[in-house]
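Trainee: Sequence:
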Amino acid sequence: MDRAVVVAITEGLHARPAALFVKAAAAQPAPVRIAKQGGDPVEAASILSVMTLGVTAGDEVVLSTDADGDDASASIDALASFLEQTEVA
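89 is the number that UniProt numbering gives the last residue of the sequence shown; the numbers go up by one with no jumps.
Keep in mind the hints are simulated off the structure, nothing from the lab. Be aware that a few hints might be false.
As the list claims (entries may be wrong) - Beta-carbon label-pair distances, calculated as ranges:
| # | residue 1 | residue 2 | range |
| --- | --- | --- | --- |
| 1 | Asp68 | Ala15 | 29 to 35 Å |
| 2 | Asp68 | Glu11 | 21 to 27 Å |
| 3 | Ala89 | Asp40 | 28 to 34 Å |
| 4 | Asp68 | Arg16 | 16 to 22 Å |
| 5 | Met51 | Asp77 | 30 to 36 Å |
| 6 | Glu87 | Ile47 | 19 to 25 Å |
Every residue gets a Cβ at the ideal spot worked out from N, C-alpha and C, and that includes glycine.
Produce the complete structure using the sequences and hints provided.
Mentor: Below, the structure written as structure tokens:
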């Protein structure tokens, strides 16, 4: 299962937003990967991997998982919603 998402977070996935994203990814029932459009996917629950992507506001990323069913959908939905926020707490 894959989903393309445009990152709306003002700071992109840097420092605090990246840490919160990784925490949210680690809490999901299915493992999720993230990639910049056309790039290689990395584990969404790895802070170092996520930071090396250099994702900024307006970038399109692809969230993916090899899982099936409700867990896969719930995991992708939760992380897509996170990325579509303009501000994170």
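Trainee: So, for every hint listed, does it hold in this structure?
Mentor: Each hint, compared with the structure:
no., hint, result
1, Asp68 with Ala15: 29 to 35 Å, "holds (34 Å)"
2, Asp68 with Glu11: 21 to 27 Å, "violated (33 Å)"
3, Ala89 with Asp40: 28 to 34 Å, "holds (30 Å)"
4, Asp68 with Arg16: 16 to 22 Å, "violated (33 Å)"
5, Met51 with Asp77: 30 to 36 Å, "violated (24 Å)"
6, Glu87 with Ile47: 19 to 25 Å, "holds (20 Å)"
Comparing the model with each earlier hint shows violations of hints 2, 4, 5; every other hint is respected.
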